Amino acid sequence: MVHATAAPQAAHEHTNVMDRRLHRRGLLAGTTAAAMLAALRGTGLSASAAAQDAGEPTRGGKAVIALIQEPGQMNPFFNVQSGSFLSTLALDPLFVPDADGNYLPVLAAEVPTLENGGISEDFLTITYKLRDGITWSDGEPFTADDVVFSFEIYKNPESTTALGTAYELIESVTAIDPLTVEVKMSDINPAYLTLWDSEGPVQPKHLFESSAVTQEHPLARLPVGTGPFVFTDWKTGDEITLTRNEKYRDPERPYLDGVTIKITPEKETAIASFIAGEFDTIYFITTGDLPTLSAAQEAGDGIVVALQEGPSHVEWLWLNMSDNGDPGKPHPVLGDPAIREAMDHGIDRQTVIDEVLGGFGYQVGSFIYAGWAAVDIPAATYDPALANSLLDEAGWVMGDDGVRVKDGVRASLRYQTIAGDQTRELYQQVVQQNMKDIGIELVIENVPSNTIFGSWEEGGIFMRGDYDILMSRAGYFVDPASWAKDFTSDQIPSDEFPGGFNRVRYQSEAFDEAVNAAAQTLDQAVRGEAYTTAAQQFAADRPSLPLYSSAWGWTWNERLQGVDTAFWEGMWPSSAGWYVNEG
Amino acid sequence: MMGIASPQPAPSEATPRPAASAPALAGEVHGEPRSLLSDAWRQFRKHKLAVGSLAVMILMVLGVIVGPMLIAYDPERIDFKTKNEPPSLAHPMGTDELGRDQLVRVLDGGRVSLAVALAAVLVAVSVGVAVGALAGFAGGLTDNLLMRLVDVFYSLPGLFVLILLVTLLGPGFWTIVIALGVLRWMGTARLVRASFLSLREKEFVEAARAIGARRWSIVVRHILPNALSPIIVAATLGIAGAILTESALSFLGLGFQPPQATWGRMLEEAQRPVITDGQWWRGFFPGLMIFITVLSVNYIGDGLRDAVDPRRVER
Amino acid sequence: MGHYLVRRTLQAVPLLIAISAIIFVMLQMTPGGPLATGEGGGRSARVTAEDLQRLRNKYGLDDPLYVQYFHWGSDLLRGDWGTSFNTGLPVLTMIGERLPTTLLVMGLSFLTTLVLAIPIGILAAVRRYSIFDYLTTTVSFLGIAIPSFWFALMLMFIFSFTLGWLPSVGLSDPRVEHSGMAAVIDRAQHLIMPVAVLALTSTASLTRYVRAAMLDVIGQDYVRTAQAKGLAERTVILVHALKNGAIPIVTVLALELPDLFIGAVIVESVFAISGMGRLFIESANLRDYPVLMGVLVITAILVVTFNLIADLLYATLDPRIRFQ
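Taken in sequence, the protein lines are chains Z, E and V. Just so you know, this note's numbering puts 509 at position 504 of the first sequence, and the rest follows in order with no gaps. Just so you know, this note's numbering puts 521 at position 122 of the second sequence, and the rest follows in order with no gaps. Just so you know, this note's numbering puts 282 at position 272 of the third sequence, and the rest follows in order with no gaps.
Just so you know, these hints were derived from the structure itself, not from any lab. All figures in this text were calculated on a predicted structure; none of them were measured in a lab. There's no promise every hint is true.
As the list claims (entries may be wrong) - Restricting the straight-line Cα-Cα distance to at most 27 Å, the calculated cross-link-like pairs of lysine-lysine (DSS-like) are:
#	chain 1	residue 1	chain 2	residue 2
1	Z	K210	V	K239
2	E	K447	Z	K441
3	V	K68	Z	K160
4	V	K68	Z	K240
5	Z	K441	E	K482
Work out the full structure, taking the sequences as your base and the hints as a guide.
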């Protein structure tokens, strides 16, 4: 097994994972580290593809990564677009989660625990020990001052950082000595291991003239780090090049001379070119690509497809509970629980998975389906007859045009997602037909991503509640605290509270109560119970419907060796060990 | 007008899209409209390819209107039992990944593709005729202003504006029709204006004026019919351009929303099946339909041009 | 004529103002904006509200629309094209990186078009109703009738994925750093298909145009006279007919350039070429207003310029035309 870390410690027991893949918020107050430490449950990936065994690694050669969506900046400290994640080739995190969700130290010397004194008794002070002998790629030493400076950037009101809310709980960051950083929290911060990870890596103090750093700064675009490769050039829209970091902490590595990130905006073309051998891997693939890629693998096209076991992100149908965003008025159609229940039973999930996704997906019925608090609720059974009778009982009368009507309101709804995803369009049509069979008309109106996810001020339709049904992926969290909080009624966005994230405008006292109860206790058993109540309430109210859970995977050309997917983030943290076997 | 945005063959129009100052050529002036028509038909019939193409187009239009009613399959009904089938007797054009019959989708999609193109051309011609007639008849400042407006629109980066409009407004029948139409009326406007300028002083118009005909009726009964022929030619060829542009928009993800088929969308959806799964029928048939249509429309345009401009043929 | 030039150039100014204002308003009226966070797709989708507000302040997004437009316009007049919301790079830098690529692909396609269309068109006109003429007509109609993205995909399917002769995407081999002759060959291999696709449509239509223009002049009296005088056919065609036929041809050529420029958007998408067309589509999707406006202004300037050139050429070649 090849690891990005030169000498990874044996997985630290009881080191919890705060998944931040989709969600940047740290957990809200109320969890103790102790409760958290006891919380680990194996929900992560048990990677299926071990490092390939193909003889001795050789030095030299380049790997080419096809990148579908070019980010504005490569430094994730200033950018939230998916593409900036590839900076992990050049920037090391303090800790990296392995496939099971155990954090391993990278730039840190050890994982802070109560036992080793890294965590104070009141859980409010975390002491990070840094690894000795690390240098930035320009040869300057990496020290505690860099960590302190990174926090100063975030604190500087002139800066335009793009960090998660885990940083909001930090009160102060102090360098005790060059290799020791003390972080004081204003409240218990269960996300302490995600600070300065691959989404907000430490910045080199000596290269910045001040802590006011905006996204225009050259180092925001092409950052400098301590990782195996060094960014050298970026031809926008064309390619980003990285070369070997000669100062890398492991003198043997990386094996590759460099990595080229080739921007290929048409995914269909990118996949075809990848299968034809022009690229070594793609960032990133989704469930809909897996059938094609697996078929190519079986056909002997020389590619490897590695799958993560178990569910990942769920494709949700967000049902607007309000009339055009006004939480005081229920949605004329979706406000009726019978409609939502009928829809839930009317969707043929298994057919979507089997026929459109080539079997690469899972049925999920629970709002909290992953993580330590996972609540086992099966997906609603596919039963159109039941769905029809539910609607009949609720007074929705079938109209002449096959669409039900009640009190003059037609059961006709807009069904929107991000335009341009062909796989999504396929199952949208299946869902549309499923709904047609029970007398609900769905009109597909897909729009650009920015139209859906625009902020409140920008009039983003999700924020504003200007939609009927939206579809997007979310929900894969180890700890459900922040995810659950996004559905409580005090989080409904409004002019006064434009940052609210309860965009489906779900209002349930029972749900609110359960989620708040979970946030107010330190007792894991009580929290778990509260989340079970919340998930059951959610399943009964159905403010959103899970369509399927994605299978998650990575793919690369056989030419590329030494790829290891034993990390939470898949193959990417193993780049120092990649090598190519030509000839 | 030869790029992607407007891929019609340029030589067809009586004016080779001259810039503002270049003299716009008037269509040849003929006597009475009626004899013009029968004259034209006689000429048109000589162009065998055009006649053949007209027949093909009539069949095509009938096919897309009547066809879907005659075929037992629903263009949108999903049936996974029959997915990804190559062409067979039951499904002469095969099926797609949702098990839908491609033939009925090609016909149903053709109806939309043709309707979009036709509607876009109608919008373009209506705007063009209105602007051109007003400019040509009113003259003076109005004429000047309107012609500057034509310049403005000619200077718009067509496909870019189209992409922007559809990105912002969201794709839909009328968005696409209006976006296409709004960017294509200028040629017609110039043609009509030129005809007006040359016809205004002609004897029969003078005569009509002398016997006290109203301005309006002069325009409608005397001048417009004479300006008609170049407009028809330009409009015919505009259909081809609109069909191709619709397919380009589909490729850019700005076409119609599913489950509606159009030829452009079907081609776009066929990318992966054709390239990675070898399902040639997915791309071949919609591509063939676009091809046949554009080809026929071009031949018809060719024939029409010869028909309304006999000088060219008998030279 | 100088007066005419000035007038036409001045006309372009209100035109650009009108276009930019319309687009500015359109952009702001539609839901969504440059600070949307997106679905994530493997990454976080959430930034703190404070961070968002800082960006809004920084870009003046809370200002009234006319203030924003005024700022943009006055900056532009001072030569400041603004900064991309997305990349933080100056707009001119981004355009500067993309423009040469587009001009290269466009220029090569234009040359290809010229080299193919003019001789073929002349020959087809001279040998009217011959097999060659019919063949030309048929092939050019074929060229006109194929949607270019499909033609591009089919070329890629055949030459890259099936035969493996040509690289499918980009303009250079990302795995190997070539130099000297090898780099030129590498670049040429990458350019063949994009140029072929872009040149196909324009060659097809230009051929038709050349043919028609030549037929027009061949029928003229002076050509008949020249023929009657027993001048060699080649001389008649090349000297007398072509000289006159050139007028409309040249005009059309000049008008064709902006179309090639804009048409490159499809080719750039299919072949993952980083040019102006791609930049436009990406900034439209990201609502990157400064870049979007920059690209539109540049394109509009190009279109206006080529229109002007066409006018001037027309006038130079045809003395009968007088500028108003």
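Results for each hint:
1. With a C-alpha separation of about 87 Å, the suggested pair Z:K210 and V:K239 falls outside the 27 Å cut-off, and the hint is violated.
2. About 49 Å separates the Cα atoms of E:K447 and Z:K441, which puts this hinted pair outside 27 Å; it is violated.
3. Under the criterion of a C-alpha separation no larger than 27 Å, the hint pairing V:K68 with Z:K160 is consistent with the structure, at around 16 Å.
4. Straight-line distance between C-alpha atoms of V:K68 and Z:K240 comes to about 26 Å, which keeps the hinted pair within the 27 Å bound.
5. At most 27 Å may separate the alpha-carbon atoms for a hinted pair to count; Z:K441 and E:K482 meet this at roughly 20 Å.
Checked against the numbered hints above, the structure breaks hints 1 and 2 and satisfies the rest.
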